[in-house]
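Asks: Here's the letter readout for the chains.
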Amino acid sequence: MKEFLLIFRNSTDPHANPSPEVIQERMNWMAGIAAQNKLADKGNRLSSNQAKTVRPGDVVTDGPYTEIKEFISGYVVVRTETIEEAVALAKKNPILKDGGNIEVRAIIQPNEKH
Amino acid sequence: MSGQQDTYQQLLPQLFRLEYTKMTAVLCRHFGLKHLAVAEDIASEAFLQATHTWAHKGIPENPTAWLYTVAKNKARDYLKHEQIFEQKVSPQLQANNQVSYPDFDFTEKQIADSQLAMIFAVCDPVNPPAAQIALALQILCGFSITTISHAFLSPAETIKKRLQRARSQLREQNFQVSNLTPEVLATRLPAVHTTLYLLFNEGYFSSGANQVIRQDLCGEALRLALILTTNERTDTPATKALIALFCYQSSRLEARLNDSGEQILFEQQDTSRWNQELIVKGHQYFIDACTGNELSRYHLEAGIAYWHTTVDNPDKWKHILSLYNELIIISYSPVTALNRTFAFAKVYGNKAGIEEALKLRLDNNSYYHSLLGYLYSDAIETAIYHYQKALALTNSEPEKHTIQKEINRLQGL
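So the protein sequences, as listed, match chains A and B. No gaps in the numbering here: position 79 of the first sequence is 79 in the UniProt record's numbering, and each next residue is one more. No gaps in the numbering here: position 53 of the second sequence is 53 in the UniProt record's numbering, and each next residue is one more.
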């Protein structure tokens, strides 16, 4: 089994007043993965307004928006045999209906060549 | 005269169930866990003496006090004769220039504290869960090896060996039953919850053991959990949620079986046979459990059990699904996954439920196939196929019976 990080990106804040239906849909998605025993880490939601970017030369800017249109709104770690399987899980996430996207990245294990 | 004999013969087993484990707990707190067998011997002897004396002289005015006095005297005699006092206890006491025998005090407080200490001693993660449950049944509940072997559907010899191993593990741990520090209480409480939870489930779900033993196991799990509420450090929201869960589940124990002892599926149960007293008690503990910020798996499970006690609430299954969603995310088990899928199908329909179920790939699980059999209600052939798979996978007679009935029904359609 390998672990894959699913990174959620949105251009609008998905955590601002989601409807109960939307919350239920998101929970169903995650619990559906957990029910297959493929949820390695339920991850976290990330705030869009309490956000700073730190750069060299003591430059600190508000949020990641200035340069990136889509910001990371959260992440989850899944446990599957292949990246294709992880992608198949990601495809069912309701974020896709809402203009967001998901990046799937293999987590490199210690001693693993990449 | 024979009337009196009958009475003492009826009374003693009751007293044994009630007092034996209390007595051993208090004695063991004095002797230490290393001498658990001595504590048990003394308690047994007290009851043995009661059978002899009461048969001749009749039942004393206060039978419980009589038993405790005998136990107290026997414990003192033991300390004198075996000289354990001299060898193990006295050096410490003599250092304080106090030569006196410990006072075996059987006050209510002493008993409650001792029982709590014994629960914490027995629920030691050094032993595997099955051994902890067997130990709990023997040491905390006073069950005989025969009864325990019936509960586990294992040969008595197997249980005996399991218990011996577990007891020697306990002795080696040198757990201090006399001095439970707040740290010990806090760190071991989750392990205690787990053992009591498994003990309850053994009674509630084990499909082989007979109904009387099963109800006993559930009752004992509840009794032990209630002891946790006697100490403010163990009376936590998770403890209360666990008790609420036990109460809700126990309320349906009677309604789950018909007159000939066959299981009745949840949906076909006569709700008037649910024990309302236990449901109300469950509500009380559940409300208390929800006062803090703590959200344990027992809160979620009690929540699910709560919704099961309600009838005719249109949103019932939505709530149950939400709780199962949270539960499966914090703790995976095939049973939770299957129950969640059932709730999912209740909310989104059988077609969506089948899709969700097939992802689980629990092909060797009888419940998985029973669930699919249930969900394929529109495709009789497929439903029968899955029920037959379920039938081949289960060893439980009541389950086989229920599945076979369903197959017959479908074949008759």
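It is worth saying that the hints were derived from the structure and are not from the lab. Heads up, a few of these hints could be off.
[Stated by the list, open to error] Label-pair ranges, simulated between beta-carbon atoms:
no., chain 1, residue 1, chain 2, residue 2, range
1, A, Met27, B, Thr187, 52 to 62 Å
2, A, Glu21, B, Ala112, 45 to 55 Å
3, B, Ala112, A, Glu112, 48 to 58 Å
4, A, Pro20, B, Val335, 46 to 56 Å
5, B, Gln110, A, Pro20, 20 to 30 Å
6, A, Ala16, B, Arg165, 24 to 34 Å
7, A, Glu112, B, Val280, 21 to 31 Å
8, A, Met1, B, Gln215, 33 to 43 Å
9, B, Val335, A, Met27, 17 to 27 Å
The beta carbon of each residue, even a glycine, is placed where N, CA and C say it ideally should be.
Asks: If a hint holds in the structure, say so; if it does not, say that too.
Replies: Verification of the supplied hints:
1. A:Met27 <-> B:Thr187: 52 to 62 Å: Given about 32 Å between the Cβ atoms, the range is violated.
2. A:Glu21 <-> B:Ala112: 45 to 55 Å: The hinted range 45 to 55 Å holds for A:Glu21 and B:Ala112, with Cβ atoms some 49 Å apart.
3. B:Ala112 <-> A:Glu112: 48 to 58 Å: With a Cβ separation near 55 Å, B:Ala112 and A:Glu112 satisfy 48 to 58 Å, so the hint holds.
4. A:Pro20 <-> B:Val335: 46 to 56 Å: Roughly 27 Å apart at Cβ, these two residues miss the hinted range, so it is violated.
5. B:Gln110 <-> A:Pro20: 20 to 30 Å: 52 Å Cβ-Cβ, so the 20 to 30 Å window is violated.
6. A:Ala16 <-> B:Arg165: 24 to 34 Å: 57 Å, violated
7. A:Glu112 <-> B:Val280: 21 to 31 Å: 57 Å, violated
8. A:Met1 <-> B:Gln215: 33 to 43 Å: 42 Å, holds
9. B:Val335 <-> A:Met27: 17 to 27 Å: Given about 19 Å between the Cβ atoms, the range holds.
Comparing the model with each numbered hint stated earlier shows that hints 1, 4, 5, 6 and 7 do not hold.
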